[in-house]
Structures are given as C-alpha cells and as structure tokens.
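As a plain string of letters, each chain reads:
There are 2 protein chains.
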Amino acid sequence: MIIIGELINSTRKAIKKAIDEQDVEYLQDLAVKQEEAGTDYIDVNAGAYVYDETKHLVWLVEKVQEVVKKPLSLDSPNPKALEEAMKIHKGVPMINSISLETDRYNKIAPLLKDSGAQVVALCMSDEGMPESAEDRLEVGKKLIDKLDKDGIDLTNVYLDPLIKPVSVEGKYGPQALDAIEMFKKLESGIHITCGLSNISFGLPNRFLLNQAFIVLAMGRGMDSAIIDPLDKKMMSLVTATNVILDMDPYAMNYLKAARAGKLI
Amino acid sequence: MIIIGELINSTRKAIKKAIDEQDVEYLQDLAVKQEEAGTDYIDVNAGAYVYDETKHLVWLVEKVQEVVKKPLSLDSPNPKALEEAMKIHKGVPMINSISLETDRYNKIAPLLKDSGAQVVALCMSDEGMPESAEDRLEVGKKLIDKLDKDGIDLTNVYLDPLIKPVSVEGKYGPQALDAIEMFKKLESGIHITCGLSNISFGLPNRFLLNQAFIVLAMGRGMDSAIIDPLDKKMMSLVTATNVILDMDPYAMNYLKAARAGKLI
Numbered sequence: 001m002i003i004i005g006e007l008i009n010s011t012r013k014a015i016k017k018a019i020d021e022q023d024v025e026y027l028q029d030l031a032v033k034q035e036e037a038g039t040d041y042i043d044v045n046a047g048a049y050v051y052d053e054t055k056h057l058v059w060l061v062e063k064v065q066e067v068v069k070k071p072l073s074l075d076s077p078n079p080k081a082l083e084e085a086m087k088i089h090k091g092v093p094m095i096n097s098i099s100l101e102t103d104r105y106n107k108i109a110p111l112l113k114d115s116g117a118q119v120v121a122l123c124m125s126d127e128g129m130p131e132s133a134e135d136r137l138e139v140g141k142k143l144i145d146k147l148d149k150d151g152i153d154l155t156n157v158y159l160d161p162l163i164k165p166v167s168v169e170g171k172y173g174p175q176a177l178d179a180i181e182m183f184k185k186l187e188s189g190i191h192i193t194c195g196l197s198n199i200s201f202g203l204p205n206r207f208l209l210n211q212a213f214i215v216l217a218m219g220r221g222m223d224s225a226i227i228d229p230l231d232k233k234m235m236s237l238v239t240a241t242n243v244i245l246d247m248d249p250y251a252m253n254y255l256k257a258a259r260a261g262k263l264i
Numbered sequence: 001m002i003i004i005g006e007l008i009n010s011t012r013k014a015i016k017k018a019i020d021e022q023d024v025e026y027l028q029d030l031a032v033k034q035e036e037a038g039t040d041y042i043d044v045n046a047g048a049y050v051y052d053e054t055k056h057l058v059w060l061v062e063k064v065q066e067v068v069k070k071p072l073s074l075d076s077p078n079p080k081a082l083e084e085a086m087k088i089h090k091g092v093p094m095i096n097s098i099s100l101e102t103d104r105y106n107k108i109a110p111l112l113k114d115s116g117a118q119v120v121a122l123c124m125s126d127e128g129m130p131e132s133a134e135d136r137l138e139v140g141k142k143l144i145d146k147l148d149k150d151g152i153d154l155t156n157v158y159l160d161p162l163i164k165p166v167s168v169e170g171k172y173g174p175q176a177l178d179a180i181e182m183f184k185k186l187e188s189g190i191h192i193t194c195g196l197s198n199i200s201f202g203l204p205n206r207f208l209l210n211q212a213f214i215v216l217a218m219g220r221g222m223d224s225a226i227i228d229p230l231d232k233k234m235m236s237l238v239t240a241t242n243v244i245l246d247m248d249p250y251a252m253n254y255l256k257a258a259r260a261g262k263l264i
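Residue numbers (our numbering), protein chains in the order written: chain A, 1 to 264; chain B, 1 to 264.
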C-alpha cells in the first residue's frame with residue numbers, strides 16, 4: 001500500500017491557523033510524524049488561500065522538505081501553483097490532481113510530461129462526477145487512454161474513482177468497490193487510490209466506516225490511499241490486510257510492526 | 001451477518017474448569033453476555049470429555065437454555081451426543097457440524113432430516129482438507145448436492161470452507177477468500193460461515209488479522225462467522241462493513257449501535 005498522508009491541508013482549521021501564523025514548527029512536526037508513521041507521500045494543500053495559493057503552496061513545500069525525505073504530493077487544481085511548487089520541490093513529486101475536465105486536463109498534462117511526476121487522476125469529466133461503477137469505468141478509461149497518448153507512464157498514475165458518502169445512497173459503497181475491481185482488472189499498470197474519508201460523511205463514528213472501507217477496497221485491488229497516517233488502528237488494519245492478501249511475504253512487515261509495538 | 005458465539009467450548013481451559021466444577025453461574029453469564037452482544041447462535045462444545053461427551057453436552061444445553069432465548073449451536077462430530085442434545089434442546093438448534101467424510105455424513109445426515117435444524121457443513125472429505133480454492137469448491141459442491149438430495153433445505157446449510165493459517169502459506173489467505181466468492185456465486189441458497197481465528201494461528205496480535213479477515217471475507221460474500229462476540233472491535237467492524245456493503249438499509253443497525261455506545 002502506498003500511503004499519501006493527508007494532514008497538511010489548509011482547509012483544516014488548525015493547518016490554516018498554522019500557515020497564517022507561519023508556525024513552521026507545528027507544520028514540520030506534523031510532516032515528520034507522518035513520515036515516521038510510514039507515509040510514502042506527504043500531501044501539502046494551500047487551497048484555502050484563494051488569492052495567493054501559489055505563494056503559500058511554495059512556502060509549504062520549502063518548509064516541509066526541510067525536515068522530511070519522502071516526496072510531497074502537491075495538492076491543487078491550479079496549474080500556476082503546481083508549476084511553481086514543482087520548480088522548488090526537490091526530487092520527483094506527486095501531483096494531486098488531474099481529471100478529464102478539458103480545461104484542467106489541458107493545463108496540467110503539460111506539467112507532467114517529461115517530469116516523471118506521479119499523478120492522482122480523478123474520475124471526473126466535463127459532465128461532472130460519474131454515478132455508477134460502469135460510468136466511472138468509462139471516464140477512468142478515457143482518462144487513462146488520454147494520459148497514455150500524451151506520453152505519461154501509466155505506472156505513475158493513481159486513479160481515484162471518487163468516493164461518495166454511503167449516507168446519501170447505500171449503493172455508493174458497493175459501487176465504489178465495484179469500480180475499484182473493474183479498474184484493477186484493466187491491468188493497465190495504473191495504481192488505484194482514493195481520498196477515502198468521504199465514504200463516511202454524515203454518519204457517526206466515521207473512523208470505523210473508514211477502517212472497514214479501506215480493508216474492503218484493498219480486497220478489491222486498491223493499492224494506495226489518501227489518509228491520516230497517524231490513525232494507528234487504520235494503519236494496523238492496512239498492515240494486517242496486506243498479510244491476508246499475501247502481499248507481505250512471510251509477514252515480514254507485519255512482524256516488524258508487531259515488534260515495534262505499532263499494531264493495535 | 002449471522003454470528004455464532006464460540007466461547008462456551010470445553011477445549012478452552014476456563015470453560016473445561018467451569019464444567020468440571022459445575023460452575024453454572026460462570027457458564028450462564030457467558031451465554032447471556034454473548035446473547036446481549038448480538039449473537040444469533042450460542043455454540044456449546046463438550047469435546048474435551050472424550051468418554052462422556054454426551055452427558056456433558058446435554059448438561060450444557062440444559063443450563064445454557066435456562067438463561068438465553070437464542071438457539072444453540074450443538075458442536076460435536078459425535079452423532080450420539082448430537083442426538084441426545086437435540087432431544088433436550090428447546091426450539092430448532094444448529095448442528096456443528098457435518099462433512100463429506102462418509103462415516104460422519106451417514107451418521108449425522110439422518111439427524112437433520114425433518115428436524116429443520118441449521119447445519120454447519122465442513123468442506124472436508126475422506127481425502128482430508130482440500131488445498132486450493134478450486135478443490136474446496138469441488139468438495140463443497142458435492143456436499144451441497146448430497147444434502148440437497150437427502151432433503152435438507154439448503155437455506156439451512158452453513159458451508160465452512162475451512163480456513164488455514166497464513167503463517168503456514170501466504171496463499172491460504174487469498175485461497176480462502178476466493179473459495180468464499182466461488183461459493184457465493186453458486187447462488188444455491190446456502191450461507192457461508194467459518195471459524196475464522198485459524199487464519200491468524202502462529203502470528204502475534206492475532207485479533208488484528210482476524211479483524212482484517214472477517215471484513216475481507218464479508219466483502220467476498222461470507223454472511224456468517226463463528227467468533228468471539230465479546231470482541232467489541234470485531235463486532236464494530238462487522239456492523240460498519242454491513243453499511244459499506246449496503247446490507248444495513250439506511251444504516252439503521254449502525255446508528256442504533258452508535259447510539260448505544262457499542263461502536264469502538
């Protein structure tokens with residue numbers, strides 16, 4: 001599982017406050033904690049700053065990279081902010097995200113070309129968010145084909161089927177899982193990821209629904225997730241699920257985590 | 001999910017001691033707690049008493065049924081013990097278990113006939129335990145056909161694919177899940193259950209592997225499990241998984257459990 005740590009996001013109150021106050025220590029501590037918890041990419045988002053997102057995103061990249069070795073996930077739909085953040089980012093970043101929406105695609109695809117960057121690709125088109133698993137597959141396939149034709153290495157692509165809350169429609173759970181399985185069966189080389197906490201929106205004890213969903217989604221072929229890596233129970237379940245799915249040979253990672261007292 | 005509570009099993013030290021000492025209060029308390037936790041069947045096993053299993057099983061049935069309303073799962077391969085326990089059991093019990101082994105099948109099938117009893121059917125034949133998912137399917141299919149021909153209502157059958165420890169072979173995890181999915185796809189009306197704790201045998205933090213496995217197995221179609229219903233985290237994950245799989249309309253059970261403070 002490739003974990004994208006979601007915590008440094010300016011739409012969260014505490015993060016916005018820390019950025020406002022230039023509280024470098026708080027933000028760097030959160031980056032280090034996520035890296036220590038086993039995060040593969042540390043997401044940085046300055047989207048709360050509508051008029052000067054670029055400046056704040058660049059600042060976040062600089063400050064976070066002072067203390068962590070893992071690459072960052074540059075989280076913005078704004079091509080200008082992404083371009084400037086990519087210039088300053090040391091090593092190869094992840095871009096979060098592109099979609100099939102014409103304007104967004106045309107502005108972000110050129111940034112990916114020849115950069116070697118990983119990219120989160122949202123199953124969203126000019127017609128909006130797809131409804132059924134089949135609709136998701138159609139949009140996802142078009143997006144994969146387009147990225148492929150534009151010279152993007154598909155092993156760098158993290159397709160996000162876009163999860164909707166089960167509190168809105170019960171069938172959104174099975175639909176999301178079916179979409180993941182369909183994408184997996186394409187065998188196109190892509191990864192499958194999602195920002196999974198949306199699944200539990202509107203219900204109590206959300207952490208529990210998120211935990212159940214990540215295990216079920218892994219069982220259907222999801223190999224990445226955008227999550228809070230400091231949620232120890234969720235990380236423990238991910239580690240255990242890798243054993244059950246035979247994706248942790250000789251349970252080496254599991255045993256290492258057990259010895260380190262990380263499994264709860 | 002149909003939960004079979006596994007705790008009153010004489011192969012567990014504390015239970016053997018309680019039976020030895022005729023500690024009715026201890027055993028009845030454990031039965032009540034399992035019922036309160038949402039158990040559908042309360043398993044009773046006197047298998048540790050090799051020479052007088054029948055006597056002890058009958059005693060357990062009497063004592064447990066004094067305090068609970070849910071039916072019991074009579075857990076024995078011994079036809080005589082099952083027959084006597086069935087005579088004393090109030091209401092329709094579950095029989096745990098029959099298999100395709102000739103002698104066992106021929107002695108236990110007549111007890112089921114016209115009794116309306118539920119029955120756990122193990123995927124085991126005279127050749128022993130099957131290896132691959134396909135082998136399991138073959139044995140399971142034969143067992144289902146045989147039960148059907150012998151007049152057993154297949155909606156009363158709980159097929160157990162027999163889980164082997166992932167510590168022995170990593171592939172046993174995916175094989176068990178594949179077998180569950182294959183059985184589900186038969187659409188024969190059977191339930192699928194398993195005594196799941198075997199999956200984690202030989203590894204530390206077994207509770208965690210059991211939790212991941214039950215969620216994954218539910219995702220592939222398992223609709224029953226033989227578990228410790230007092231494991232609150234596992235029961236919480238089962239409740240959440242039912243929501244994600246759209247098997248809890250309007251999340252009614254989930255919300256009820258949340259309000260009761262049962263979700264952890």
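What the hints contain is simulated information worked out from the structure, not anything from laboratory work.
A portion of the hints provided could be inaccurate.
Since the list can't tell identical chains apart, any single copy or any two copies may satisfy a pair.
[Stated by the list, open to error] Keeping only pairs whose Cα atoms sit at most 16 angstroms apart, straight-line, the calculated EDC-like set for lysine to aspartate or glutamate is:
1) 113 x 83
2) 90 x 223
3) 33 x 145
4) 184 x 23
5) 69 x 35
6) 80 x 138
7) 63 x 145
8) 262 x 138
9) 70 x 231
10) 113 x 138
11) 142 x 35
12) 90 x 126
13) 113 x 169
14) 87 x 25
15) 69 x 231
16) 171 x 246
17) 107 x 223
Status of each hint after checking the structure:
1. For the identical chains of this complex, residue 113 and residue 83 are intra-copy neighbours only, at 12 angstroms inside a copy versus 73 angstroms across copies, given an alpha-carbon limit of 16 angstroms.
2. For the identical chains of this complex, residue 90 and residue 223 are neighbours neither inside a copy (25 angstroms) nor across copies (50 angstroms), given an alpha-carbon limit of 16 angstroms.
3. In this homomeric assembly, residue 33 and residue 145 never come within 16 angstroms of each other (Cα to Cα): the closest approach is 37 angstroms inside a single copy and 56 angstroms across copies.
4. Taking the shortest alpha-carbon separations for residue 184 and residue 23, neither the intra-copy value of 41 angstroms nor the inter-copy value of 54 angstroms comes in at or below 16 angstroms.
5. With identical chains, the CA atoms of residue 69 and residue 35 are at most 16 angstroms apart within one copy only, with a shortest distance of 8 angstroms there and 52 angstroms across copies.
6. For the homomeric pair residue 80 and residue 138, neither the shortest alpha-carbon distance inside one copy (29 angstroms) nor that between copies (60 angstroms) is at most 16 angstroms.
7. Taking identical chains as interchangeable, the C-alpha atoms of residue 63 and residue 145 are never at most 16 angstroms apart, the minima being 36 angstroms within one chain and 67 angstroms between chains.
8. In this assembly of identical chains, residue 262 and residue 138 lie within 16 angstroms of each other by CA distance neither inside one copy nor across copies; the values are 40 angstroms within and 41 angstroms between.
9. Taking the shortest alpha-carbon separations for residue 70 and residue 231, neither the intra-copy value of 19 angstroms nor the inter-copy value of 37 angstroms comes in at or below 16 angstroms.
10. For the homomeric pair residue 113 and residue 138, neither the shortest alpha-carbon distance inside one copy (24 angstroms) nor that between copies (51 angstroms) is at most 16 angstroms.
11. Taking the shortest alpha-carbon separations for residue 142 and residue 35, neither the intra-copy value of 34 angstroms nor the inter-copy value of 52 angstroms comes in at or below 16 angstroms.
12. Taking CA atoms no more than 16 angstroms apart as the test, residue 90 paired with residue 126 passes in neither setting, with 33 angstroms inside one copy and 63 angstroms between copies.
13. Neither within a single protomer nor between protomers do residue 113 and residue 169 lie at most 16 angstroms apart by alpha-carbon distance, with minima of 38 angstroms and 43 angstroms respectively.
14. In this assembly of identical chains, residue 87 and residue 25 lie within 16 angstroms of each other by CA distance neither inside one copy nor across copies; the values are 24 angstroms within and 72 angstroms between.
15. In the homo-oligomer, the alpha carbons of residue 69 and residue 231 never lie at most 16 angstroms apart, since the shortest distance is 21 angstroms inside one protomer and 39 angstroms across protomers.
16. Taking the shortest alpha-carbon separations for residue 171 and residue 246, only the inter-copy value of 6 angstroms comes in at or below 16 angstroms, while the best intra-copy value is 29 angstroms.
17. In this assembly of identical chains, the alpha carbons of residue 107 and residue 223 never lie at most 16 angstroms apart, being 27 angstroms within a copy and 48 angstroms across copies at closest.
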